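In order, the protein sequences belong to chains A and B.
In this text, residue positions in the first sequence follow this note's numbering: the first is 13, and each later residue adds one.
In this text, residue positions in the second sequence follow this note's numbering: the first is 3, and each later residue adds one.
Hints were generated in silico from the structure; no laboratory data involved.
One or more of the hints may lead you astray.
Think about it this way: if two alpha-carbon atoms lie no more than 35 Å apart in a straight line, the pair counts; the simulated DSBU-like pairs of lysine-lysine are [said to hold, decoys possible]:
(1) A:50 x B:296
(2) B:389 x A:50
(3) B:112 x B:43
(4) A:22 x B:389
(5) A:22 x A:50
(6) A:50 x B:112
(7) B:439 x A:50
Just the calculated beta-carbon pair ranges, DEER-fashion [what the hints assert, rightly or not]:
(8) B:283 x A:55: 27 to 33 Å
(9) B:9 x A:22: 54 to 60 Å
(10) B:9 x A:63: 28 to 34 Å
(11) A:65 x B:366: 22 to 28 Å
(12) A:42 x B:52: 27 to 33 Å
(13) A:39 x B:4: 33 to 39 Å
(14) B:283 x A:19: 55 to 61 Å
(15) A:35 x B:97: 24 to 30 Å
(16) B:298 x A:42: 47 to 53 Å
(17) A:63 x B:291: 32 to 38 Å
(18) B:59 x A:42: 33 to 39 Å
(19) B:59 x A:35: 24 to 30 Å
(20) A:32 x B:293: 51 to 57 Å
Predicted, not measured: the structure shown is a model, and the values here were computed from it.
The C-beta atom is built at its ideal place from N, Cα and C for all residues, glycine as well.
Listed below, chain by chain, are the residues.
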Amino acid sequence: MSQSPLDPFKDILGVEFTPERLAENLESYRSILDEIRKLRELDLTEVHPAIIFEPTAPYRQEPEQ
Amino acid sequence: MTRKLWAEPIEALAPRVRSGELKPTALTQAYLDRIAAVDGKLNSFIHVATDALAQARVAEGEIKAGKYRGPLHGIAVCIKDNYTTADMPTTVGSTAPGLSYPMRDSAAAKRLRESGAILIGKTRTHEFAWGNVTPPVRNPWDLERVPSGSSGGTGAAVAAGLCAAGMGSDTGGSIRMPASVCGTVGLKATFGRISRDGIIPHSWSLDHAGPLTRTVADTAHMLQVLAGYDPADPACQDQPVPDYAKALGKPVKGLRLGVCRNHFFERNHPDVEHAVESAIEDLAGKGASVHEFKIPMLEYGLGAIFAIELASSTAYHDVSLRAGRTPHFQPDVRTLVEVGRFVTAPDYLKAEQYRTVLMQAFRDVFTRVDVIVTPTSPIPAWKIGSKTMDVGGKEESVLAASWRFTYPFNLAGLPTISIPCGFTRENLPIGLQIAAKPFDEMTVLRVAHAYERMHDWSERLPPI
Numbered sequence: 013m014s015q016s017p018l019d020p021f022k023d024i025l026g027v028e029f030t031p032e033r034l035a036e037n038l039e040s041y042r043s044i045l046d047e048i049r050k051l052r053e054l055d056l057t058e059v060h061p062a063i064i065f066e067p068t069a070p071y072r073q074e075p076e077q
Numbered sequence: 003m004t005r006k007l008w009a010e011p012i013e014a015l016a017p018r019v020r021s022g023e024l025k026p027t028a029l030t031q032a033y034l035d036r037i038a039a040v041d042g043k044l045n046s047f048i049h050v051a052t053d054a055l056a057q058a059r060v061a062e063g064e065i066k067a068g069k070y071r072g073p074l075h076g077i078a079v080c081i082k083d084n085y086t087t088a089d090m091p092t093t094v095g096s097t098a099p100g101l102s103y104p105m106r107d108s109a110a111a112k113r114l115r116e117s118g119a120i121l122i123g124k125t126r127t128h129e130f131a132w133g134n135v136t137p138p139v140r141n142p143w144d145l146e147r148v149p150s151g152s153s154g155g156t157g158a159a160v161a162a163g164l165c166a167a168g169m170g171s172d173t174g175g176s177i178r179m180p181a182s183v184c185g186t187v188g189l190k191a192t193f194g195r196i197s198r199d200g201i202i203p204h205s206w207s208l209d210h211a212g213p214l215t216r217t218v219a220d221t222a223h224m225l226q227v228l229a230g231y232d233p234a235d236p237a238c239q240d241q242p243v244p245d246y247a248k249a250l251g252k253p254v255k256g257l258r259l260g261v262c263r264n265h266f267f268e269r270n271h272p273d274v275e276h277a278v279e280s281a282i283e284d285l286a287g288k289g290a291s292v293h294e295f296k297i298p299m300l301e302y303g304l305g306a307i308f309a310i311e312l313a314s315s316t317a318y319h320d321v322s323l324r325a326g327r328t329p330h331f332q333p334d335v336r337t338l339v340e341v342g343r344f345v346t347a348p349d350y351l352k353a354e355q356y357r358t359v360l361m362q363a364f365r366d367v368f369t370r371v372d373v374i375v376t377p378t379s380p381i382p383a384w385k386i387g388s389k390t391m392d393v394g395g396k397e398e399s400v401l402a403a404s405w406r407f408t409y410p411f412n413l414a415g416l417p418t419i420s421i422p423c424g425f426t427r428e429n430l431p432i433g434l435q436i437a438a439k440p441f442d443e444m445t446v447l448r449v450a451h452a453y454e455r456m457h458d459w460s461e462r463l464p465p466i
């Protein structure tokens, strides 16, 4: 049995706005997206993101007094 | 002419409190009187501590008994309404239903109490620290203008002498922008220098804690109390805490000032441009060398901070989104929280990759210079309700322009201060921004203090 196609907003982005509100938000996002598009143009393939996974973090203790 | 108590900086008040000449109860009462007299116009406080005088009496007794704790003992400070406190409610500037925050002291509140400071009240924040207007707070230099934000309540309160100092938080400039347009000092310390435990998160990897004060020495006193390791903040670093007062009174001769000619000097209000160029000349006149450079990658910074800030804020507010609570947020904040859903995971990670590149670019610059000097904001305080302003000959969104020079230092996590460096022809304060390499707050304070002593900007009082 075929399923209905995924909705890019509702199903993929998890956005559940009314059509009017969705349109308003998309318009508000336009200028922000222009800046993010510039960022997308950069080739940063070899660059590690500034996020460090630290498995020891939960074991941090108060410093010795 | 003798200045009013409320107009004095901590550096002038503390010796008098220590000697017993000035009683904390008298000083606290002076601030409470000042709040009663002018905060009806400013709206900077959302909550005034009912036990402020009781706190002052405790401090007074301790000092009288010879148990002086340090320069903040008996001094009234305010806390931005996004820091939790055990004895005052926290709203984060929101009236949306279904939200509540713990009644416990944030790390900063705890440290300030331990220093003997009087927590005189909570100051207003732009809702969820998302924005740079802070309604309904007004700017004490011109009540028709904004105090900027999101720490606009603290900026207005400190500038108007409603307390001696206060706490702000800074995700893209929210300490430094209010400091700049309200005419105070504002420090965003290195990411990891001051614990953010108990600050309601806005964007985990961009949020910084820090003080707003009347003078650079007062900032050094506040930082001394606030800095230090706290395992409760996953980003806090276990680094030595120097004696920040030792940065004060030192000459700048021989220091290398970096001036980034792209991004920071391309489009400014002419009075801002003039004041900052004059400040650079002043510092050069005292023997600092000036080194001009460019960081072309700054061109991509706005997209990066948007991606990180929006995605993070939306993740934090996900429960509110799913509960249908966002329509109860203020319209501007509602939109930002909702559109954060549009930022994709690859966009977010690209922004974090960009941050690595930007941090490396700053690191390279700091092999050639000791500090970077810029305007804090290209514009002075704007009129309440204004959406655009002429910025260096181009009509521009005030919201877009106002944080242009501050957010790069959030992306890079560098210690950065804003200090007063003059006034526009309309008598509005202008801010000078000084940044250094990570954990080099000492050099930031050294340059800031050296500049401050050349002028009387920090002694001027708003006309309220």
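Results of checking the hints against the structure:
1. A:50 x B:296: 19 Å, holds
2. B:389 x A:50: 24 Å, holds
3. B:112 x B:43: 30 Å, holds
4. A:22 x B:389: Judged against 35 Å, a Cα distance of about 32 Å means the pair holds.
5. A:22 x A:50: OK: residue 22 (chain A) and residue 50 (chain A) at ~26 Å, within 35 Å.
6. A:50 x B:112: Status violated; Cα separation ~43 Å.
7. B:439 x A:50: 27 Å, holds
8. B:283 x A:55: 27 to 33 Å: Distance hint for residue 283 (chain B), residue 55 (chain A) is violated at roughly 40 Å.
9. B:9 x A:22: 54 to 60 Å: 57 Å, holds
10. B:9 x A:63: 28 to 34 Å: 45 Å, violated
11. A:65 x B:366: 22 to 28 Å: For residue 366 (chain B) against residue 65 (chain A), whose Cβ atoms are near 26 Å apart, the range 22 to 28 Å holds.
12. A:42 x B:52: 27 to 33 Å: 47 Å, violated
13. A:39 x B:4: 33 to 39 Å: 57 Å, violated
14. B:283 x A:19: 55 to 61 Å: 59 Å, holds
15. A:35 x B:97: 24 to 30 Å: 27 Å, holds
16. B:298 x A:42: 47 to 53 Å: 25 Å, violated
17. A:63 x B:291: 32 to 38 Å: 37 Å, holds
18. B:59 x A:42: 33 to 39 Å: 57 Å, violated
19. B:59 x A:35: 24 to 30 Å: 59 Å, violated
20. A:32 x B:293: 51 to 57 Å: Taking Cβ atoms as reference, residue 32 (chain A) and residue 293 (chain B) lie about 53 Å apart, which means the hint holds.
In summary, the numbered hints that this structure violates are 6, 8, 10, 12, 13, 16, 18 and 19.
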